[in-house]
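Asks: Given the coordinates of chain E, assemble chain R onto it according to the supplied hints.
Taken in sequence, the protein lines are chains E and R.
Residue numbering for the first sequence is -17 to 276, as defined by this note's numbering.
Residue numbering for the second sequence is -17 to 276, as defined by this note's numbering.
No wet-lab data here; the hints were simulated from the structure.
Being a predicted model, the structure only gives us computed values, none of them experimental.
Among the hints, a few may not be true.
The list makes no distinction among identical chains, and a pair is therefore deemed to hold if it is satisfied within one copy or across any two copies.
[Said to hold, decoys possible] Dumping the calculated BS3-like pairs for lysine-lysine here, alpha-carbon to alpha-carbon at most 25 Å:
#1 K241 / K(-14)
#2 K85 / K27
#3 K27 / K241
#4 K(-10) / K112
#5 K86 / K276
#6 K6 / K161
#7 K86 / K149
#8 K2 / K191
#9 K161 / K(-14)
#10 K85 / K149
#11 K2 / K246
#12 K112 / K27
#13 K(-14) / K39
#14 K80 / K(-10)
#15 K241 / K112
#16 K(-14) / K246
Protein chains: 2
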Amino acid sequence: MDFKESLKDYQNIVNSQLQKYVRKEECPENVLNDSMEYSLMAGGKRLRPILALATYKLFKNDYEKVMPYAVALEMVHNFSLIHDDLPGIDNDDFRHGKPTNHKKFNEATAILAGDGLLNGAFIVISEDLKNSDSQDLPNKLQVFNEFTNAIDRMIAGEYVDTEYEGKTITNELLEYIHKNKTGAFLKYSVRMGAILADASETEIENLTKYAENIGLAFQIKDDILSEEGDEAVLGKPVGNDKEMGKCTYVSKYGLQGAKDILDKITNEAIEIVKEFDNSEFLQELALYIKNRNK
Amino acid sequence: MDFKESLKDYQNIVNSQLQKYVRKEECPENVLNDSMEYSLMAGGKRLRPILALATYKLFKNDYEKVMPYAVALEMVHNFSLIHDDLPGIDNDDFRHGKPTNHKKFNEATAILAGDGLLNGAFIVISEDLKNSDSQDLPNKLQVFNEFTNAIDRMIAGEYVDTEYEGKTITNELLEYIHKNKTGAFLKYSVRMGAILADASETEIENLTKYAENIGLAFQIKDDILSEEGDEAVLGKPVGNDKEMGKCTYVSKYGLQGAKDILDKITNEAIEIVKEFDNSEFLQELALYIKNRNK
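For reference, chain E alone in the conformation it holds in the complex:
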C-alpha cells in the first residue's frame, strides 16, 4: 500500500460525493448556496470522513452504508469552521489559504451558511434513514444519536476555548477543551465507521481507543504547528496562539514536552490498530497526523 496514493484516492472519493450535495438550481438563495459550496469545497484534509471510510473498510468491501454519514461529518466540520472564524468568535481572515467565508461573502451569509451546513448534514441523514431497510436502522439510529452528541461536545469545547482565551487555565481545562472541541468528533468518526460495519463490542472499544489517541495527537500537532509551522504551507499566521495568550500543549508542556507526548500517544494508537487485518492505512494515518506540516 502506498499511503499517499490511498489518501489521495480517499480524498477524491469524498470530494466527488460532497459535490453531489452542492445545490446548483436557480433560486433566490443562490449566493447562500454558493457560500456553502465555497467552504465545503475549499480543500481541507477530509480527515473525518476518511477516518469513517477507512474504519468501515476494515470490515466491509463497499461504502454503501457509511457514505451519507461520512458526507454529513464533513458538512458539520465545515459548519464549525465557518462559525469559529466569524468576527464574533476567532475573527480569522484566512482558512486553507483562502479568505474565510465572511470575508469572501459577508457576515450574515457566513452565519446562515454555517447554519445551512449543520442542518444540511441532518437532511442527508434523514433522507438515508427514511430509505433504509429496517434491519439497518438500529445501527444507523445509534450512529445518528452519537453524531448529535459529538456535535454538542464540539460546540461546548469551542465555547470554553473562546471563553478562556487569554486566561490562564488548569491542565484539566486544557484537556477538556481538546477532548471536546476536536477529540469528540474524531472519535465519533471512527466509531461511526465501526458501528455501521457491524463491528463487535470489543472491536468498537479498541477502535475508540485508537481514535481518542489520534484525536489528542491531532490537537497537540496543531498546537506545535501554530508555534513553529510554516505560514506559507499552513495558509494561516503562525504564533497567533501565543500572541492571543491561548493555552495550548506547547504553552503548558513546552515544545519538546508536547512532542514527547505526541510520540507516545501515536505509538500507542498504532499498536492498538495493528491488531486488525488490513489496518496499514489507519497505522500510516496516525503517523501522518504526527508528521504533517499543515
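Replies: Just chain R now, kept in the frame of chain E:
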C-alpha cells in the same frame, strides 16, 4: 371551550417540557447552557409546538409520540431567533421585551447558543428515534425528514430577507420570503402533528392547507403590527421595517389591503378546519393569530 384557558394550558405543558431539557449540571460550559436556557425560556407564544400538539389532539388523546418533536420545534425556533437577532444579521437589541441573547451574554456565546439549540433539537429527536418501537419509525422518520427540509427553507428565507433589505422587490419575492422564512415551519408544525397521529392522506392535505393559510396570516399580521402595533406591548420598536426599507405586505398592499387579505385567508383556514371534530381550538387559534396585539 375557553380558548384563552386552553392556550394557557398548552403553553404550560410546553414550558414544563422545555424545562426538562435545560441542562443544569456543573460543567465548564455552564454559561453557554445558561444562555440557551435564557432564550428558550424567555417567553414567546409557543405557537409552533402548540400547533403540533393541537393538531395531534384532533386524532389522539395522549401526547406521547408528538412531545419530543414539539420540543424540538421550539428549540429550532429559538435558534433562528438568536441568530437572526445577531449584529451581523438584524442587529436587534430586544426580543420578548428582554435583551437579545448577544446583548445579555456576548456575540460568541449567542452564535454558539444558537448552534447548540439547533443541534439540541436533533439530540432530542435522535434519542426518541433510538428508543422507538419499529412500527412507529416510518411516520417518525418522515417527520424528521420534513423537519430538516422546513429548517432549510427557514434559513433560505432568512437569507433572502436579509439580502434584499432596503431594496425594492417583486411580489413574487415577497411571497417567497414569507413562505420560506415563517410559513414552511408553521406548515411543518401542523403536518408533524397530523402525521404522527396517523391521519389519512386527505386529512393531512386539508390540515396542510389550513397551516399554509395561518402561516401567511401570521406573517401579514407581523407586518401590520410592525407598522401600527404598540411598542410597549410588542416589546420591540415599531416602524423599523419602514425605516430600514423592508418590503412587507403593508408596504406592498397598503395597511387596509394587508388587513383585507388577512381577513380572507383567516376565514378560509377556519372553513377548512371546521370539517374536523373537536377543532374549536384550531379555529380560535386562526382568529387569535389575526387579532393578536403582539
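Asks: For every hint, state whether the structure bears it out.
Replies: So, going through the hints one by one against the coordinates:
1. In this homomeric assembly, K241 and K(-14) come within 25 Å of each other (Cα to Cα) only inside a single copy, at 23 Å, whereas the closest approach across copies is 66 Å.
2. When the C-alpha separation of K85 and K27 is checked against a cutoff of 25 Å, the pair qualifies only within one copy, where the shortest distance is 22 Å, while the shortest distance between copies is 37 Å.
3. Taking the shortest Cα distances, K27 and K241 sit within 25 Å of each other inside one copy (22 Å), while across copies they are farther apart (55 Å).
4. For the homomeric pair K(-10) and K112, neither the shortest alpha-carbon distance inside one copy (32 Å) nor that between copies (36 Å) is at most 25 Å.
5. For the identical chains of this complex, K86 and K276 are intra-copy neighbours only, at 22 Å inside a copy versus 38 Å across copies, given an alpha-carbon limit of 25 Å.
6. For the identical chains of this complex, K6 and K161 are inter-copy neighbours only, at 21 Å across copies versus 37 Å inside a copy, given an alpha-carbon limit of 25 Å.
7. In this assembly of identical chains, the alpha carbons of K86 and K149 lie at most 25 Å apart only when taken from different copies (22 Å versus 31 Å within one copy).
8. With identical chains, the CA atoms of K2 and K191 are never at most 25 Å apart, being 33 Å at best within one copy and 33 Å at best between copies.
9. In the homo-oligomer, the alpha carbons of K161 and K(-14) never lie at most 25 Å apart, since the shortest distance is 28 Å inside one protomer and 49 Å across protomers.
10. Taking the shortest Cα distances, K85 and K149 sit within 25 Å of each other only across copies (23 Å), while inside one copy they are farther apart (28 Å).
11. Taking the shortest alpha-carbon separations for K2 and K246, neither the intra-copy value of 40 Å nor the inter-copy value of 43 Å comes in at or below 25 Å.
12. In this homomeric assembly, K112 and K27 never come within 25 Å of each other (Cα to Cα): the closest approach is 30 Å inside a single copy and 32 Å across copies.
13. Taking CA atoms no more than 25 Å apart as the test, K(-14) paired with K39 passes inside one copy only; the shortest distance there is 17 Å, against 59 Å between copies.
14. In the homo-oligomer, the alpha carbons of K80 and K(-10) lie at most 25 Å apart inside one protomer (21 Å), although the nearest pairing across protomers, at 52 Å, exceeds that limit.
15. For a Cα distance limit of 25 Å, the shortest separation of K241 from K112 qualifies neither inside one copy, at 46 Å, nor across copies, at 41 Å.
16. For the identical chains of this complex, K(-14) and K246 are intra-copy neighbours only, at 23 Å inside a copy versus 66 Å across copies, given an alpha-carbon limit of 25 Å.
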